[in-house]
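With chain A's structure known, arrange chain B on it following the hints.
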Amino acid sequence: MKWFPAPRLCFIAAVYAFLLLPIAIVIPMSLNAGEYLRFPPQGWSLRWYVSFLHSEPFTSAFVRSLGVALIVAVLASIIATPAAIFYVRHLRAGREKFRLTMLAPMLLPEVLTSIALLFFFNQFFFGTQSMAPLVIGHVVITIPFVFLTVTSALYNMPPGVEEAARTLGASARAAFRRVTLPLIKSGIVTGAMLAFIMSFDNVNISLLLKPLGTSTLPIQLFDYLRYDFDPTAAAVSTISLTLTLSVVFLIDRIYGLRAVRF
Amino acid sequence: MKRWLFALPAVLMVALFVLIPYLNIAVMSFRTPSATAIYGPGFTIENYTRVLTDSLYLGLLKDTLLFAVATTSICLVVGFPVAFHLARTNSRWRGLLYAGVLSPLLTGVVIRCFGWIVLLANNGLINQLLGLAGLGPYRLMYNPVGVTIALVHVFLPFMILPIMNSVQSIDPRLGEAARTLGASRARSFARVLLPLSMPGIQSGVILVFVLSASAYIIPMLLGGGQVSTMPTVVVQQLMGSLLWPFGATLALVLSLTALALVGLFGALTRRSMRGVA
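Here the protein sequences line up with chains A and B, keeping their order. Sequence positions in the first sequence follow this note's numbering and run 30 to 291. Sequence positions in the second sequence follow this note's numbering and run 820 to 1096.
By construction, these hints were calculated from the structure, which means they are not laboratory data. Ideal placement from N, C-alpha and C gives every residue a C-beta, glycine not left out. Check each hint, because a few of them may be wrong.
Stretches of chain B that chain A covers, calculated by requiring three or more beta carbons in the stretch to come under 8 Å of a beta carbon on chain A [stated by the list, open to error]:
{"id": "1", "region": "842–854"}
{"id": "2", "region": "890–901"}
{"id": "3", "region": "908–922"}
{"id": "4", "region": "928–941"}
{"id": "5", "region": "1044–1054"}
{"id": "6", "region": "1065–1071"}
The following block holds chain A by itself, in its conformation from the complex (with noise of 0.2 Å):
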């Protein structure tokens, strides 16, 4: 360990605690049965889960989140790995031309994709009145992920598997469906669940291109700490919380964290 002398570890512990606390805060604050959101919680309780459940506005934005990232996460995915077994199998000229066009959604500032969304929308189409134009700027924002893990999957096949099932008699379709396509379903898989993720926490391009009078649970978030902070916040965030964590665990035991770069 004589890389890495004690104060120098207590100061990387420090780091730790830094990322993960004010995370973590919001759990216990959850729990709090007092009025405030005040340190240390004055008992515990469940009342402000209760309370997010008798909210009209929170409860309906919470389903609407969860049917967009449902539907992002299908359609990212769907639109996103054609074009990554594309650039892996078969394009040759332009390569890196390809690869950029891919991963400019996440390369672009997610704001001013955002806004030059919301102009494209009320300019050429019906301007923002259903889902649609949300839905479209969240598929266009993932695909990127899709599209990262599907490569890297198909990167990490054995090498030979496919010509071997080829040479054993497979027709392309057959190979494909039976060799390649389980080989890179984790790749999938991974993308689908992070495209989720990212559509169920996004602010900057729901907040513009939402439908008036609508709001998904983040902007519904955001526009409560605006004014007020009660624990119904809390347990908000700690609902949400534990649902992407958990998509998160479940894309460690599927295909470990490690594949998930940025």
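For chain B alone, kept in the frame of chain A given last:
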């Protein structure tokens, strides 16, 4: 079946919903304002001259870039040792530590801001702990300090992960070789490890800089209306009024300035990397 059909849906999505809207916003920034429609007839460069001569907007631009520079520098100083440790440790907690760096990234930004509000408020955890020591209470949020703390927290993983990747690809024996050949610990770090981890540092710095210059939610929530940056003003302008051409210009001036600084940084660090790479 044609192979390129595979890529068609994704390419169409990006072209239609990224490329064209970005071109459109660029055109929009040259439009004339109008009180009744999205924009008036004809084109003008007046939006740009207004942004670049009005001290209000120049001040906003400066503040935004200062936030970005401060956030990036703090992330680099704080993140480098963590990235280095994570790349080199063989602790059995390694997977957990990696998850610790990654999970803040996968938690909603609003929730992370909320956590900081709980910690930094006047009667929040930090002020209460300081109170036990007979200090404070200090005003830690609704000012630039709170915004910077939250910006560093939210974007730190984007600094740690690329540096970690790059340190991992350095052969550990190189550092040992430098030591064996008589270099001091500091010299082996400065002449061997630091230059070799430059690619990771470079991408971390660029990512954090661009992300923090365009951050909107964090200055809104931790600034509590007391802190204005370019993105908060742009979004307010667009949501509240029909000043779209001017809003487009503001957004583009910020993005282009950030891009120019990233280019400058790239040029400066390329020279420092040339000697070793």
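Okay, the hints, checked on the actual structure:
Coverage of a stretch by a chain is defined here by at least three residues with a beta carbon nearer than 8 Å to that chain's beta carbons; for the region 842–854 of chain B and chain A the count is 3, and the condition holds. With a threshold of 8 Å between beta carbons, the proposed coverage of the region 890–901 of chain B by chain A holds, since 4 of its residues qualify and at least three are required. Evaluation of the coverage hint for the region 908–922 of chain B: fulfilled, as 9 residues show C-beta separations to chain A shorter than 8 Å, against a requirement of three. Closer than 8 Å: that is the beta-carbon criterion, and the region 928–941 of chain B has 12 residues meeting it against chain A, so the requirement of 3 holds.
Look at the region 1044–1054 of chain B against chain A: 3 of its residues bring a Cβ nearer than 8 Å to a Cβ of that chain, three or more, so the hint holds. For a cut-off of 8 Å, the count of residues in the region 1065–1071 of chain B with a CB near a CB of chain A stands at 3, and the three-residue condition holds.
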